[in-house]
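Visitor: Residue numbers (this note's numbering), protein chains in the order written: chain A, 1 to 198; chain B, 199 to 290.
Among the hints, a few may not be true.
[As the list claims (entries may be wrong)] In silico contact screen, one side only, chain B against chain A (beta carbon under 10 Å); selected entries:
1. Leu208
2. Ile212
3. Thr215
4. Leu237
5. Phe239
6. Gly242
7. Ile258
8. Ser281
[As the list claims (entries may be wrong)] Only pairs whose alpha carbons sit at most 25 Å apart, straight line, appear in this in silico PhoX-like list of lysine-lysine:
9. B:Lys221 / A:Lys51
10. A:Lys142 / A:Lys59
11. B:Lys256 / A:Lys90
12. B:Lys286 / A:Lys59
13. A:Lys58 / B:Lys286
14. A:Lys51 / B:Lys223
15. B:Lys217 / A:Lys51
The hints are simulated quantities; they were obtained by calculation from the structure and are not laboratory data.
Glycine included, each C-beta is placed from N, C-alpha and C at the ideal position.
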Amino acid sequence: MTLSIVASVITGILGGYFFISESFTQHIDILIDSALYFLIFCVGIDIGLNKHIFKDLKKHSLIILIIPTSIIAGSLIGGLITGYIFDMPKNLSLAISSGFGWYSLSGIILTQLHSAEVGTIAFLTNIFRELITVVSIPLIAKYLNDYTTIAPAGATSMDSTLPIISKYTNPETVVIAFINGILLSGLVPILVPFFYSI
Amino acid sequence: MQNILISLILGILIGCTVKFSDKMKKFNAVFQHLGVILLLFAIGITIGINRSLLSNLKEIGGISLVFAVLTSLFSILLVFFMSRMVTKRGNN
Numbered sequence: 001m002t003l004s005i006v007a008s009v010i011t012g013i014l015g016g017y018f019f020i021s022e023s024f025t026q027h028i029d030i031l032i033d034s035a036l037y038f039l040i041f042c043v044g045i046d047i048g049l050n051k052h053i054f055k056d057l058k059k060h061s062l063i064i065l066i067i068p069t070s071i072i073a074g075s076l077i078g079g080l081i082t083g084y085i086f087d088m089p090k091n092l093s094l095a096i097s098s099g100f101g102w103y104s105l106s107g108i109i110l111t112q113l114h115s116a117e118v119g120t121i122a123f124l125t126n127i128f129r130e131l132i133t134v135v136s137i138p139l140i141a142k143y144l145n146d147y148t149t150i151a152p153a154g155a156t157s158m159d160s161t162l163p164i165i166s167k168y169t170n171p172e173t174v175v176i177a178f179i180n181g182i183l184l185s186g187l188v189p190i191l192v193p194f195f196y197s198i
Numbered sequence: 199m200q201n202i203l204i205s206l207i208l209g210i211l212i213g214c215t216v217k218f219s220d221k222m223k224k225f226n227a228v229f230q231h232l233g234v235i236l237l238l239f240a241i242g243i244t245i246g247i248n249r250s251l252l253s254n255l256k257e258i259g260g261i262s263l264v265f266a267v268l269t270s271l272f273s274i275l276l277v278f279f280m281s282r283m284v285t286k287r288g289n290n
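The task is simple: from the sequences and hints, build the whole structure.
Guide: Printed below as a string of structure tokens:
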């Protein structure tokens, strides 16, 4: 499965580069949205078939808080270290790292607030983060634990990477991942400008 | 965001109300597998199609990659240790 995941991304990149013109972007976006809604629908069926997880969620209220908090802290620590390595101002490195994988939004916000260059760094950072997520989820589920698959996914754990989390973990983790994704997605438009302004 | 919520809720309602045979559950899993592959292929195309992104890759690709690796890595480490601590305490 990991191999088929990596192969489909790479085939897509090569296909996009060599065979498809930029004017097709809109059609591809429609394809992505349709595939995503269909997948989330299938994930929903999985959750519905396991109704008991909603009752169990009360038991896990602590973990629902701890996961997004740890992702935020971990991302900011990683961002600060990267900023230190490349001699970048702290406010910029913190703002870039608080995109939490949501590339379209953090890229746009930072392009508007600072420059196209920093916006592109934020955009690329989150694209790479999503690729790392896709590749690492199967390994994390195997060697660490199910909850940790949500960590690299960040804000994307409610949409694009949710089906992959679902594939390698269980319906309970999927519900927690979804809640985590909503919380982090809500925080991106607040934290990116906040850290930029300090 | 809205459409995602609608798709999810629709799926949950169907999962809660319709009785699924084992064969249908298997179909659901196969659909998810194919869907994931299609989705990632399409995401790959959007990266490959974006010429300006690729031309910038040499200059800022390195910084972005380090950002991505370190933010992911520290998130993974913190979530792993914190979740282990909480679940262990819960078990005790």
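Visitor: Against each hint, give a clear statement of whether it holds in the structure.
Guide: Against the structure, the hints come out as follows:
1. Leu208: Hint holds; Leu208 (chain B) Cβ to chain A Cβ min 6 Å, cut 10 Å.
2. Ile212: This hint holds: Ile212 (chain B) lies near chain A, its Cβ roughly 6 Å from the closest one there, short of 10 Å.
3. Thr215: At about 8 Å, which falls below the 10 Å cut-off, the nearest Cβ of chain A leaves the hint on Thr215 (chain B) intact, so it holds.
4. Leu237: 4 Å, holds
5. Phe239: This hint holds: Phe239 (chain B) lies near chain A, its Cβ roughly 4 Å from the closest one there, short of 10 Å.
6. Gly242: Because about 2 Å separates Gly242 (chain B) from the closest Cβ in chain A, which is inside the 10 Å limit, the hint holds.
7. Ile258: 5 Å, holds
8. Ser281: Interface hint status for Ser281 (chain B): holds (4 Å vs cutoff 10 Å).
9. B:Lys221 / A:Lys51: Satisfied, since the Cα-Cα distance of roughly 20 Å is no more than 25 Å.
10. A:Lys142 / A:Lys59: 24 Å, holds
11. B:Lys256 / A:Lys90: This hinted pair holds, its Cα atoms lying about 23 Å apart.
12. B:Lys286 / A:Lys59: Holds, at roughly 13 Å.
13. A:Lys58 / B:Lys286: Roughly 17 Å separates the two Cα atoms, so the pair holds.
14. A:Lys51 / B:Lys223: Judged against 25 Å, a Cα distance of about 15 Å means the pair holds.
15. B:Lys217 / A:Lys51: With a Cα-Cα distance of about 13 Å, the restraint between Lys217 (chain B) and Lys51 (chain A) holds, given a limit of 25 Å.
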